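There are 2 protein chains.
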Amino acid sequence: MTTQKILGNEVSAQIMEEVRLDVEKLKSERGVQAQVALVMVEGDPASQVYLESAKKSALKIGIAVLERRFPATITTETLVASIKVISADESVHAILCQLPLPSHLDEAKVIEAIAPSKDVDCVHPYNQGLLAMGGEKARFFPCTPFGVCELLKRYGYSVSGKQVVVLGRSSIVGRPLSIMLSTKGSDATVTLCHSRTQDLQSVCRSADFLFAAIGKPKFVTRDFVKEGAVVVDVGTNRILGDDGKYLLVGDVDFQSIVGHASAATPVPGGVGPMTRAMLMKNIFSAASL
Amino acid sequence: MTTQKILGNEVSAQIMEEVRLDVEKLKSERGVQAQVALVMVEGDPASQVYLESAKKSALKIGIAVLERRFPATITTETLVASIKVISADESVHAILCQLPLPSHLDEAKVIEAIAPSKDVDCVHPYNQGLLAMGGEKARFFPCTPFGVCELLKRYGYSVSGKQVVVLGRSSIVGRPLSIMLSTKGSDATVTLCHSRTQDLQSVCRSADFLFAAIGKPKFVTRDFVKEGAVVVDVGTNRILGDDGKYLLVGDVDFQSIVGHASAATPVPGGVGPMTRAMLMKNIFSAASL
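In order, the protein sequence lines correspond to chains D and A. Going by numbering that gives the first Met the number 0, 277 is the number at position 278 of the first sequence; the sequence numbering is gapless. Going by numbering that gives the first Met the number 0, 101 is the number at position 102 of the second sequence; the sequence numbering is gapless.
Hints were generated in silico from the structure; no laboratory data involved. The reader is advised that the hints may include incorrect statements.
Copies of one chain are not kept apart here, so a pair can be met inside one copy or by any two copies together.
[Claimed, not checked] Straight line, CA to CA, 25 Å or less: simulated DMTMM-like cross-link-like pairs of lysine to aspartate or glutamate:
| hint | residue 1 | residue 2 |
| --- | --- | --- |
| 1 | Lys108 | Glu66 |
| 2 | Lys55 | Glu41 |
| 3 | Lys136 | Glu76 |
| 4 | Lys161 | Asp222 |
| 5 | Lys108 | Glu76 |
| 6 | Lys183 | Glu106 |
| 7 | Lys136 | Glu9 |
| 8 | Lys161 | Asp207 |
| 9 | Lys217 | Asp252 |
| 10 | Lys215 | Glu135 |
| 11 | Lys161 | Asp186 |
| 12 | Lys136 | Glu111 |
| 13 | Lys244 | Asp207 |
| 14 | Lys24 | Glu76 |
| 15 | Lys225 | Asp105 |
| 16 | Lys183 | Asp105 |
| 17 | Lys225 | Asp207 |
| 18 | Lys83 | Asp186 |
| 19 | Lys152 | Glu16 |
| 20 | Lys83 | Glu111 |
From a predicted model like this one, the values you see are computed outputs, not experimental measurements.
Chain D on its own, in the form it takes in the complex:
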């Protein structure tokens, strides 16, 4: 069996171009300049990578950026107050807050200061709730699961009526993905597995579509995959290579499933580039409300 490689780079670039045109039209037709605010707290540079990359992408497609950086010593109260000011600012349509925050900050309180209508990362409980209630009224979808669904759609794959297994129950990927796939319109029959699932290989082997988001490098091998299944790798693990350099590897041992799965996403170059594109799509949605 030939295994089709599902690649996110081209699709992601295509979506970015679509959003760029939408942003331009919003400006020329309604006079609205889309703007995203980035909220960062000094400290761990690694946790700022996502926001730095969002900044670059936004500017590239005509979205204005408001950057708010705070010293590591900031208190929860001050950060909450600052985010409330941005939430009330009508020129700002979307707010991204660096997560995780330094441990002395009350993350839940900070997140709840973001106006739900500007919560393009879909981290506010209100938006997670709209999603959990069936998604028909959801304003935003979390960017990574949203990107996964969009990538499959653009490649012509439909999960409707299929047996789907999602491996990993994190609140930003596994769980929202399992919800999105099983809502009306998607109509998959979804099993949500996790580290404590018994007989994990055989449960995974029942899947027509297997989504790996468990955060364990190359964890999913051929033994987990039914012949002809579609395998989507949402893992992004950094491991030390033989040459002493860090490598990005997924949750799936790609080589072991080649010739066995009917299609699969590699890491890097599969699902990864989709997250940023869907974030831009969410920012545009927020601006065009």
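Fit chain A to the supplied structure of chain D, relying on the hints for placement.
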């Protein structure tokens, strides 16, 4: 195989007595009189049955009741404004709104007027979101799924590590139940099935615990059930009996699984009485915050 009957009446009565003592203690030790507000709109009497029954139970165990009844002609704006007044009233700890509302009212707007800290029915998107995000920070659990989990617990059944199938994806029963069962602490591996699931019988037969909440009278028969499985019937369907009277039947054909399942909840007398008890527990929780 003997099939154990899992009965909710006794357990429910026991929980009601526990809550009664808690309510009494809250009053004597902290001077707080627990109070629930009931919001009803004239029209369909059937949809008021739940609130009438809640009223009776609350008064029986020492919870005060504030009743607000509105004519069928009320507008969304007036109802929202009234609920906001109740939400701001510090003497009221819990708010129940009759659902479904008459169709001329915007139900989502009305629900969002309920303060999340008083939303003991767990219908506000904010509370559904806390649940969907893993449930560790959830203030309230929806009463029926909560009652199902509590009933199993008090009978000594644990779903941890087990294969669980939930049949039905409604936002008040099936989906929140599937989320609650698969969170850390519960640790079941959960498959959420629905009317469009293919090969439904065989998926259901993989379950160690099968939860039926699909709203189809006696839909689940022996063919759906693995030998020795535990079957929980969350269905409440009213059908016309041979004698011309209405009968309450579940989603499970109980007689067909006797001697085949290791345990099962009958309808009536199974899960049903638990909902009201858990509602009382939620009202107490709200009052004791």
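Outcome of the hint check:
no.	hint	result
1	Lys108 - Glu66	within (20 Å within a copy, 33 Å between copies)
2	Lys55 - Glu41	within (19 Å within a copy, 56 Å between copies)
3	Lys136 - Glu76	between (31 Å within a copy, 20 Å between copies)
4	Lys161 - Asp222	both (20 Å within a copy, 21 Å between copies)
5	Lys108 - Glu76	within (9 Å within a copy, 30 Å between copies)
6	Lys183 - Glu106	between (32 Å within a copy, 20 Å between copies)
7	Lys136 - Glu9	neither (30 Å within a copy, 39 Å between copies)
8	Lys161 - Asp207	both (6 Å within a copy, 22 Å between copies)
9	Lys217 - Asp252	within (4 Å within a copy, 45 Å between copies)
10	Lys215 - Glu135	between (33 Å within a copy, 23 Å between copies)
11	Lys161 - Asp186	both (8 Å within a copy, 24 Å between copies)
12	Lys136 - Glu111	both (19 Å within a copy, 13 Å between copies)
13	Lys244 - Asp207	neither (35 Å within a copy, 46 Å between copies)
14	Lys24 - Glu76	neither (38 Å within a copy, 35 Å between copies)
15	Lys225 - Asp105	neither (43 Å within a copy, 46 Å between copies)
16	Lys183 - Asp105	between (35 Å within a copy, 21 Å between copies)
17	Lys225 - Asp207	both (7 Å within a copy, 23 Å between copies)
18	Lys83 - Asp186	neither (38 Å within a copy, 37 Å between copies)
19	Lys152 - Glu16	within (18 Å within a copy, 53 Å between copies)
20	Lys83 - Glu111	both (9 Å within a copy, 20 Å between copies)
The structure shown violates the earlier hints numbered 7, 13, 14, 15, 18.
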